[in-house]
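Read off the chains here:
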Amino acid sequence: GAVVSQHPSRVICKSGTSVKIECRSLDFQATTMFWYRQFPKQSLMLMATSNEGSKATYEQGVEKDKFLINHASLTLSTLTVTSAHPEDSSFYICSARDTGWSTEAFFGQGTRLTVV
Amino acid sequence: AQKVTQAQTEISVVEKEDVTLDCVYETRDTTYYLFWYKQPPSGELVFLIRRNSFDEQNEISGRYSWNFQKSTSSFNFTITASQVVDSAVYFCALERTGSARQLTFGSGTQLTVLP
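Line order of the protein sequences matches chains D and Z.
Residue 51 in our numbering sits at position 51 of the first sequence, with consecutive numbering throughout.
Residue 63 in our numbering sits at position 63 of the second sequence, with consecutive numbering throughout.
If we strip away everything but chain Z, and leave its shape as in the complex, we get (with noise of 0.2 angstroms):
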């Protein structure tokens, strides 16, 4: 079975500082891909990124970074430099290998950033 998890249920930090937020999951599938989603309070998901898992190569794009190991099974998602613009809920997200190629979402984590 697919499962992932945040561990983070909130996090608060004040603007301009760096912040990490943890995924960690679970499949059996060898191939899969993993993503991250960001959801403002008009509810709304925005794609962020989107990593296949033969490739562990750390992305960054503009302030926002992710750290993919597989080792561990996770792919972190850093914000640095954080703006109150990006308070938001954010996912992280499995999908399943197959034909259906759903999404298992973890329980997202609530970032406020503080001006």
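This is chain D alone, in the form it adopts within the complex (with noise of 0.2 angstroms):
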């Protein structure tokens, strides 16, 4: 099946700096690329939709300037988080669908962003 490759898997920064995550599909194109954040033991919250070449749309009560989207290709989608806090500290995932709609989203393997 399709491949989502998400990196880096795990990254602990200190606070104030910024870290950016990247979501790239391998086998196929992603025109749209969603972005989750899951706190422990809670549930996959989208975050904000990123369209390949476009502004990303983000949810109601997610800081777009704080969490930055570029989706510049139809194979990469990154998510900066800016000067990172501990309560940014989450677990971060990314989906990717094909252009044609045909099946599931793919998800990345998720990114575990603790900030110290």
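Mixed in with the good hints, there may be bad ones.
Below are the DSBU-like pairs computed for lysine-lysine, each with C-alpha atoms no more than 35 angstroms apart in a straight line [said to hold, decoys possible]:
(1) Z/16 with D/20
(2) Z/38 with D/64
(3) D/20 with Z/3
(4) Z/38 with Z/16
(5) D/55 with D/14
Coverage of chain Z stretches by chain D, computed from C-beta distances (three or more under 8 angstroms per stretch; other residues unrestricted) [what the hints assert, rightly or not]:
(6) 38-52
(7) 106-112
The calculated label-pair distances, taken between Cβ atoms and stated as ranges, are [as the list claims (entries may be wrong)]:
(8) Z/15 with D/72: 45 to 53 angstroms
(9) D/72 with Z/112: 40 to 48 angstroms
(10) D/64 with Z/3: 20 to 28 angstroms
(11) D/9 with Z/60: 31 to 39 angstroms
(12) Z/115 with D/9: 26 to 34 angstroms
(13) D/13 with Z/74: 39 to 47 angstroms
(14) Z/70 with D/45: 23 to 31 angstroms
(15) Z/13 with D/39: 20 to 28 angstroms
(16) Z/67 with D/17: 46 to 54 angstroms
Simulated from the structure, these hints should not be mistaken for lab results.
No experiment lies behind these values; they were computed from the predicted model shown.
Beta carbons are placed, not taken as given, at the ideal position from N, Cα and C, and that holds for glycine.
With the hints as a guide, bring the two chains together.
Following this line, the structure appears as structure tokens:
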């Protein structure tokens, strides 16, 4: 099946710094990618929908200036957590759909962010 | 608005027992998709099934089976003869129709299969 690669899988950063997470579709073109956030023992909450070549659509309550999303190509979307704080520590996971809307969304492996 | 409810937060069973994970959903759409995903401790989401709202046929895949009942807005998942490797968090999800097609996830059920 289709593969979505997310990098890094784990990152620890200092409070106040920025962290970039990459989400790549390896064998298909993804017009749309989704970014989710998951706190421990909780569900996945959609943060934003990323469309290639246009601005991301953020869910209510998600700060777009803090969580910068760029979808510059059909195979790559990035999420940058700017000026990270300990409360941003979470599991971030992306998913991608191919341009044909054929089947299920494919998920990356997730990134566990710890801000110290 | 879309909503998915998984009332069972945690379930523990002994190996070889059958277990059913419940999922109830709410949507105003007439066309939608329902999903089940498995999330092992490593964190990645493993796709298990996608079901179209027009297809109410139950499905069986090995030890897994799914019961879709539109009349009760339920999409339950049964594992027969459970194994320790089945221990994970299981999420039911509903896909919005329209151009965006985001997934709305339930809160998940932590399944622990004891040896």
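Tested hints:
Annotation: proposed proximity of residue 16 of chain Z to residue 20 of chain D is violated, straight-line Cα distance about 44 angstroms (limit 35 angstroms). For the hint pairing residue 38 of chain Z with residue 64 of chain D, the CA-to-CA distance comes to about 29 angstroms; that is within 35 angstroms, so the pair holds. Taking the CA atoms of residue 20 of chain D and residue 3 of chain Z, the gap is about 31 angstroms. The hint holds against a cut of 35 angstroms. With a C-alpha separation of about 19 angstroms, the suggested pair residue 38 of chain Z and residue 16 of chain Z falls inside the 35 angstroms cut-off, and the hint holds.
The suggested pairing of residue 55 of chain D with residue 14 of chain D holds, with an alpha-carbon distance near 28 angstroms, which does not exceed 35 angstroms. Coverage of the segment 38-52 of chain Z by chain D holds [criterion: at least 3 residues with CB-CB distance below 8 angstroms; count 6]. With 4 residues carrying a beta carbon less than 8 angstroms from a beta carbon of chain D, the segment 106-112 of chain Z meets the three-residue requirement, and the given coverage holds. The hinted range of 45 to 53 angstroms is satisfied by residue 15 of chain Z and residue 72 of chain D, whose Cβ atoms lie roughly 48 angstroms apart.
One distance hint, 40 to 48 angstroms for the beta-carbon pair residue 72 of chain D and residue 112 of chain Z, holds here, with the actual separation near 42 angstroms. Separated by about 25 angstroms at the C-beta atoms, residue 64 of chain D and residue 3 of chain Z satisfy the suggested range of 20 to 28 angstroms. About 34 angstroms separates the C-beta atoms of residue 9 of chain D and residue 60 of chain Z, a value consistent with the hinted range of 31 to 39 angstroms. The hinted range of 26 to 34 angstroms is satisfied by residue 115 of chain Z and residue 9 of chain D, whose Cβ atoms lie roughly 29 angstroms apart.
Separation of residue 13 of chain D from residue 74 of chain Z is about 42 angstroms and conforms to the stated range, judged on CB atoms against 39 to 47 angstroms. For residue 70 of chain Z and residue 45 of chain D, the hinted distance range of 23 to 31 angstroms is satisfied, since their beta carbons lie about 27 angstroms from each other. Range check, residue 13 of chain Z to residue 39 of chain D: Cβ separation about 26 angstroms, and the 20 to 28 angstroms hint holds. Between residue 67 of chain Z and residue 17 of chain D the C-beta distance comes to about 48 angstroms, which sits within the given range of 46 to 54 angstroms.
Going through the hint list in order, the structure does not satisfy hint 1, though it satisfies all others.
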